[in-house]
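Line order of the protein sequences matches chains A and B. Just so it is clear: in the first sequence, position 125 is 124 by numbering that gives the first Met the number 0, and no numbers are missing. Just so it is clear: in the second sequence, position 2 is 1 by numbering that gives the first Met the number 0, and no numbers are missing.
One or more of the hints may lead you astray.
To be verified - Listed below are the simulated DMTMM-like cross-link pairs for lysine to aspartate or glutamate, each with C-alpha atoms no more than 20 Å apart in a straight line:
#, chain 1, residue 1, chain 2, residue 2
1, B, K232, B, D166
2, B, K790, A, D52
3, A, K83, B, D21
As the list claims (entries may be wrong) - Just a few of them, taken from the derived set where beta-carbon distance is under 8 Å, the chain B residues facing chain A:
#, residue
4, F372
5, S590
6, Y594
7, P597
8, T601
9, E749
10, P928
As the list claims (entries may be wrong) - Okay, the calculated bits of chain A under chain B, using three or more residues with CB under 8 Å as the criterion:
#, segment
11, 15-25
12, 34-41
13, 137-150
No lab work stands behind these hints, which were simulated from the structure alone. Cβ coordinates follow ideal geometry from the N, Cα and C atoms, glycine included.
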Amino acid sequence: MTKILSLNGVNIYQKNFQQILVRGDGKDQFNQTMNREISVIPPSKNLEIKVNDQFLIAKNSFDQWTLIYFFEQDYKEILKFISKLNSDDRILASDYSYGQVYFEISGKNKDEFLNKLTQFDLRKKRFSDLSMAQTLIARIDCYIYSFNDKYIVTCNRSYEDYFKERLIDLANLH
Amino acid sequence: MPALRNKNCNYVSNKEINITFDGKSYSAYDGDTIASALLRNNIRLIGRSFKYHRPRGIYTCGIEEPNALVQILNEHNEPNTRATIKKVYEGININSQNRWPSLSFDVGSINNFLSPIFSAGFYYKTFMGPKGFWKKIYEPLIRRTAGLGKPPKNFRSKSIHQNHNVDILIVGGGLSGLIAARKLINTDNEVLIVEQDSFLGGILKNSNKVKKIDGKSVFDWVKETEKLILESKNIKILKNTLVTTYNFTNHLIALEDKFAGKDIDTNKAELILHKIRTTQTILANGHIERFISFRNNDLPGVMLASSFEKYIERYGVVPDEKPVIFTNNSSTISLVKSLINLNCKPGAYIDSRKKKDIEDETKDYLSKNNIPFYPESEVEGCEGNKKVEKVYIRSSNKEISSINASMLCSSGGFNPDIHLFTQSKGLVKWDDKIISFKPDTAFQNTITLGSVSGNYEFKNLCNEINKKLSFLKVNDLNLDIELNIRNDFSISELWETKINKTSKWAKSFIDLHNDVTTKDLKQAINEGYDRIEHLKRYTTNSMGTDQGKISSINSLGIVSKILKKKISEVGTTTYRPPYAPLSFAAIAGRSTYEYYDPERKTPIHNWHTKNNAVFEDVGQWKRPWYYKKYETETMHQAVQRESKQTRDTAGILDGSTLGKIEIKGNDALEFMNLMYTNAFTKMKPMTSRYALMLGEDGMIMDDGIICKINDKHFIATTTSGGAPKVFSHMEEFLQTEWPHFQVYLNSITEQFTTFNISGPKTREIMSKVFNKIDFSNQSFPFMTFKIFDYKNTQVRIMRASFTGELGYEIYISPKHALELWELIFKHGKDFNLVSYGTETMHLLRAEKGYVVIGQETDGTVTPIDINFNWMIGKKKKDFIGKRSLTRSDTARKDRKQLVGIVPLDKSQFIEEGQHVVECENLPSKIKTPVEYLGHVSSSYHSPNLNHCISMAMIKNGNKLMGKKLFVSTSKGTKNIPVEVVNPVFIDPENKRLVS
Numbered sequence: 000m001t002k003i004l005s006l007n008g009v010n011i012y013q014k015n016f017q018q019i020l021v022r023g024d025g026k027d028q029f030n031q032t033m034n035r036e037i038s039v040i041p042p043s044k045n046l047e048i049k050v051n052d053q054f055l056i057a058k059n060s061f062d063q064w065t066l067i068y069f070f071e072q073d074y075k076e077i078l079k080f081i082s083k084l085n086s087d088d089r090i091l092a093s094d095y096s097y098g099q100v101y102f103e104i105s106g107k108n109k110d111e112f113l114n115k116l117t118q119f120d121l122r123k124k125r126f127s128d129l130s131m132a133q134t135l136i137a138r139i140d141c142y143i144y145s146f147n148d149k150y151i152v153t154c155n156r157s158y159e160d161y162f163k164e165r166l167i168d169l170a171n172l173h
Numbered sequence: 000m001p002a003l004r005n006k007n008c009n010y011v012s013n014k015e016i017n018i019t020f021d022g023k024s025y026s027a028y029d030g031d032t033i034a035s036a037l038l039r040n041n042i043r044l045i046g047r048s049f050k051y052h053r054p055r056g057i058y059t060c061g062i063e064e065p066n067a068l069v070q071i072l073n074e075h076n077e078p079n080t081r082a083t084i085k086k087v088y089e090g091i092n093i094n095s096q097n098r099w100p101s102l103s104f105d106v107g108s109i110n111n112f113l114s115p116i117f118s119a120g121f122y123y124k125t126f127m128g129p130k131g132f133w134k135k136i137y138e139p140l141i142r143r144t145a146g147l148g149k150p151p152k153n154f155r156s157k158s159i160h161q162n163h164n165v166d167i168l169i170v171g172g173g174l175s176g177l178i179a180a181r182k183l184i185n186t187d188n189e190v191l192i193v194e195q196d197s198f199l200g201g202i203l204k205n206s207n208k209v210k211k212i213d214g215k216s217v218f219d220w221v222k223e224t225e226k227l228i229l230e231s232k233n234i235k236i237l238k239n240t241l242v243t244t245y246n247f248t249n250h251l252i253a254l255e256d257k258f259a260g261k262d263i264d265t266n267k268a269e270l271i272l273h274k275i276r277t278t279q280t281i282l283a284n285g286h287i288e289r290f291i292s293f294r295n296n297d298l299p300g301v302m303l304a305s306s307f308e309k310y311i312e313r314y315g316v317v318p319d320e321k322p323v324i325f326t327n328n329s330s331t332i333s334l335v336k337s338l339i340n341l342n343c344k345p346g347a348y349i350d351s352r353k354k355k356d357i358e359d360e361t362k363d364y365l366s367k368n369n370i371p372f373y374p375e376s377e378v379e380g381c382e383g384n385k386k387v388e389k390v391y392i393r394s395s396n397k398e399i400s401s402i403n404a405s406m407l408c409s410s411g412g413f414n415p416d417i418h419l420f421t422q423s424k425g426l427v428k429w430d431d432k433i434i435s436f437k438p439d440t441a442f443q444n445t446i447t448l449g450s451v452s453g454n455y456e457f458k459n460l461c462n463e464i465n466k467k468l469s470f471l472k473v474n475d476l477n478l479d480i481e482l483n484i485r486n487d488f489s490i491s492e493l494w495e496t497k498i499n500k501t502s503k504w505a506k507s508f509i510d511l512h513n514d515v516t517t518k519d520l521k522q523a524i525n526e527g528y529d530r531i532e533h534l535k536r537y538t539t540n541s542m543g544t545d546q547g548k549i550s551s552i553n554s555l556g557i558v559s560k561i562l563k564k565k566i567s568e569v570g571t572t573t574y575r576p577p578y579a580p581l582s583f584a585a586i587a588g589r590s591t592y593e594y595y596d597p598e599r600k601t602p603i604h605n606w607h608t609k610n611n612a613v614f615e616d617v618g619q620w621k622r623p624w625y626y627k628k629y630e631t632e633t634m635h636q637a638v639q640r641e642s643k644q645t646r647d648t649a650g651i652l653d654g655s656t657l658g659k660i661e662i663k664g665n666d667a668l669e670f671m672n673l674m675y676t677n678a679f680t681k682m683k684p685m686t687s688r689y690a691l692m693l694g695e696d697g698m699i700m701d702d703g704i705i706c707k708i709n710d711k712h713f714i715a716t717t718t719s720g721g722a723p724k725v726f727s728h729m730e731e732f733l734q735t736e737w738p739h740f741q742v743y744l745n746s747i748t749e750q751f752t753t754f755n756i757s758g759p760k761t762r763e764i765m766s767k768v769f770n771k772i773d774f775s776n777q778s779f780p781f782m783t784f785k786i787f788d789y790k791n792t793q794v795r796i797m798r799a800s801f802t803g804e805l806g807y808e809i810y811i812s813p814k815h816a817l818e819l820w821e822l823i824f825k826h827g828k829d830f831n832l833v834s835y836g837t838e839t840m841h842l843l844r845a846e847k848g849y850v851v852i853g854q855e856t857d858g859t860v861t862p863i864d865i866n867f868n869w870m871i872g873k874k875k876k877d878f879i880g881k882r883s884l885t886r887s888d889t890a891r892k893d894r895k896q897l898v899g900i901v902p903l904d905k906s907q908f909i910e911e912g913q914h915v916v917e918c919e920n921l922p923s924k925i926k927t928p929v930e931y932l933g934h935v936s937s938s939y940h941s942p943n944l945n946h947c948i949s950m951a952m953i954k955n956g957n958k959l960m961g962k963k964l965f966v967s968t969s970k971g972t973k974n975i976p977v978e979v980v981n982p983v984f985i986d987p988e989n990k991r992l993v994s
């Protein structure tokens, strides 16, 4: 975990999460396969998140799910899990662990801060807790996951430096 | 002597500050605008008019100001700043505009005497000839005289952008806006109030019209309301913020001045451009007073009556102690009362209404205070040297008399400020009672409240608001509003007064900003411009930066009379954003320089930087272009060195930017067969194949290598720039054309870092790095791949090459990439391994005759054109683009085809993009087109062949092998003689490739 900035009611940390992108039909067999591996039935509603201490699983679209590990797992275990999922021809699981970067954004002014970089409606009534969205933040395609008191934002690793610089640059304007 | 101060004014502090105007120091108060500060110092002459350079003063007290535009010298020379809204601060340095050599003596004022030539349509009638004058004389002259202020000296980054999403936006924090807000306090609606002033209250603070609300003084009521709002959980207020734009889908733009009344801090954003998305918009932005046209109605000292009152009540300055008041409506009596309260007395009260229509209260009040009263009269004109000195009154008996006065306050009625409403595409209608247009049908979720909706009756305000907001299911609010004036509004129509005394100097203006006179309007109509939109453009009426806010309805009134039509039949011009001028810098946002466009970096980026890479932008990617071995090494030298070394020993390229797509599912094989021209059915698992993707038009769209893990699982690479396009192309076909396919795709571009290592020594290096892998030809042949565990991850290595040398592509997780890259270099050192950039990559592939999508192809090239017939699966039933390849045009034999080209004189260099022709010399003057065979698509100096090699797309190229042709140059008319050759320059037998 690396602190990016903390000021004016906004705290941003970079996290060492890991991620798997899963595609499938979301039907019984898919759910059973996932449940067998992670003991959670993937959410069936679009943009919904299920979460526990270990990970979150979010439904990105009608046939796509994201599994994010909150703690760094043994990478071999991740790859093994992916291999297991892929043994089912009707599932495609791809390792997204290190091709993505993860930011945790919290603080009472987090919405106002982020709304300088995105037009996305972050209000709870529109973007409720335990839901996710895909939107542009600082002109970068990002996934944003909403929790009670924070957001987790992920984007492609290639944008890491740019994204961090934009966050810091914006903070300096306050 | 300073002007009289209204000490009861609560909105300006007692703190004295110093300001400079035209080089002279003046004293002002903290909270003053430039205009109120100058009026406080009895300065009436502020600037010169646009066309005639006539002396001009302060006409209004707000955004509608047409005259008092100034230049702020200490804010990077910011021009055309409205003196009526710009707050002063200690040390502000202001200059007047559009005058030379000085404000009081302006040479340009000669234009006033030449005014007969500058009549309506001047630009359309003049500058027609002689030919050649336009470019050299007219245009430079017009450009030099155009505009008012001087442009800023430097660009400065002024604004940042802030997005908002709210349920309700209230535009205007005046009485109507505040009543609406009070009703919404602590409801479930998230509300944003936007107010252009630094205080809430609107008309409550700007005038003396309202005495008390619910028994409280208006000041206390506004204070209490603001407190309630700030304590609420759901309402926010933005002050010093002007809504400029109302777009579709309730998207509004507002500009906040963060440094209103403060010296700007160049390290901070001066402005915030708010982009507001809302469900409901409540427009409570009030009204704007309009003027009346009379002779010399532009003289400094002529001011709108409500503005005069605003200076007294809002800024605590009394511009003149005995102004003449000229009105056609009932509202101006509150100005009289404001003056009387301060022991001042108007010099005269001239009311154009019939005596019987004038309120008894007004007549009694004027009589009681001994104010000279002229009912059923009008101002014929005024005169004076750069200021009002004498006012001419036409009485009810048509006789003209004059009185001495130094200020004249006029009121021609009020226009609901429908600008934003009409921007939202709302429809307006004419109201004979208020003699103005008012909102009728909203196009979006827009509600108008108060005077913007045409309701000028304070007592009726709560009813209107309760009714219009009832759908929000909020409690009714009823306030007891006590007035200093009558509740009902009365007005008689008066747009202009007849001029008796004519002279060359005398003018009756309809548009003060653009110097358009009532005479210009009449002339334009006589010339046939009787449609209001034509008239506007022909005369430039209401086309100034004030958009004719105080005068556009007047021009409709005058035009309707000439055309003998009703104003509602004449119609209005189109209101377009912005409501008031905003600078391009505010729209552009803060200058983010290096952050302007997102940058993408590979996991090896820092290594490249440390090793003196010069980067090239490939889309958003930063790719090493070449590496400087020493400071003075040129790109040419570096590329020659890198490519030679790669062919001699080994070179490595960071190919991480290549697009990568994982494809899996029961129908993956069929899907791939349809997406690409190649046939994958017979392809063995764990082998790879170079593949082409076509568009439906049969033209090459992208290329890449397909790795077949098994019939149900593939990994495809794409070009760096083509990755998103290819991915969405595949998804589109899956979701729309072949939804029955059970296939899933994932973009894995970022999940694998890719290195391309090639050269004769590659096998030795790879064997050292991955010492458990057998890299021999037998166990690891060309176009096969292996996946194996490496440390804590997996590596995929594919035997492939884009250089024509023995080569491998390595795919590894980004986390382990740099470590592996450095390990390869550690082992590669013994074999003289060199890192090379994209320029060398292009040279190496060109030597081998490999094409680059986007360089040899341009969206009009088929596989057959580049001799890739072998890549088309002839036995395949179908693939995207197949049918188009048989079209007569694509099947044509004489299409442009890919060939190699070398200069006959090996010392000569051929430039990319040059034309291939049959003639040795181009004529010095081309009179008839020279036949063009094609163009050079790629060209490099090959260090391995020691001469220039080029690829070209030329007509019927395959049949021209060995033929002598010519290539044009960027200098001169002599073409370079070349020979058409096979485009594979090195190792056509593929001995190196499969070694």
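Now the hints, each set against the structure:
Our distance criterion of 20 Å between C-alpha atoms is met by K232/B and D166/B, whose separation comes to about 14 Å. Restraint check: the Cα-Cα separation between K790/B and D52/A comes to about 28 Å, which exceeds 20 Å; the hinted pair is violated. About 80 Å separates the Cα atoms of K83/A and D21/B, which puts this hinted pair outside 20 Å; it is violated. With 8 Å as the threshold, the beta carbon of F372/B stays out of range of chain A, its nearest partner Cβ sitting at about 56 Å, so the hint is violated.
With 8 Å as the threshold, the beta carbon of S590/B stays out of range of chain A, its nearest partner Cβ sitting at about 11 Å, so the hint is violated. The beta carbon of Y594/B comes within 6 Å of a beta carbon in chain A, closer than 8 Å, and the hint placing it at the interface holds. Because the smallest distance between the Cβ of P597/B and any Cβ of chain A comes to about 5 Å, under 8 Å, the interface hint for this residue holds. For T601/B, the interface hint holds, the least distance from its beta-carbon to any beta-carbon of chain A being 7 Å, beneath 8 Å.
Checking E749/B against chain A: minimum C-beta separation of about 3 Å stays under 8 Å; hint holds. Violation of the interface hint for P928/B is found here, the shortest Cβ-Cβ separation to chain A being roughly 45 Å, above the 8 Å cut-off. For a cut-off of 8 Å, the count of residues in the segment 15-25 of chain A with a CB near a CB of chain B stands at 3, and the three-residue condition holds. Check on the segment 34-41 of chain A: 0 of its residues sit with their Cβ under 8 Å from a Cβ of chain B, so the three-residue criterion for coverage is violated.
Against chain B, the segment 137-150 of chain A contributes 3 residues with a C-beta closer than 8 Å to a partner C-beta. That satisfies the three-residue criterion, and the hint holds.
Hint compliance for this structure: hints 2, 3, 4, 5, 10, 12 are not met, and every other hint is.
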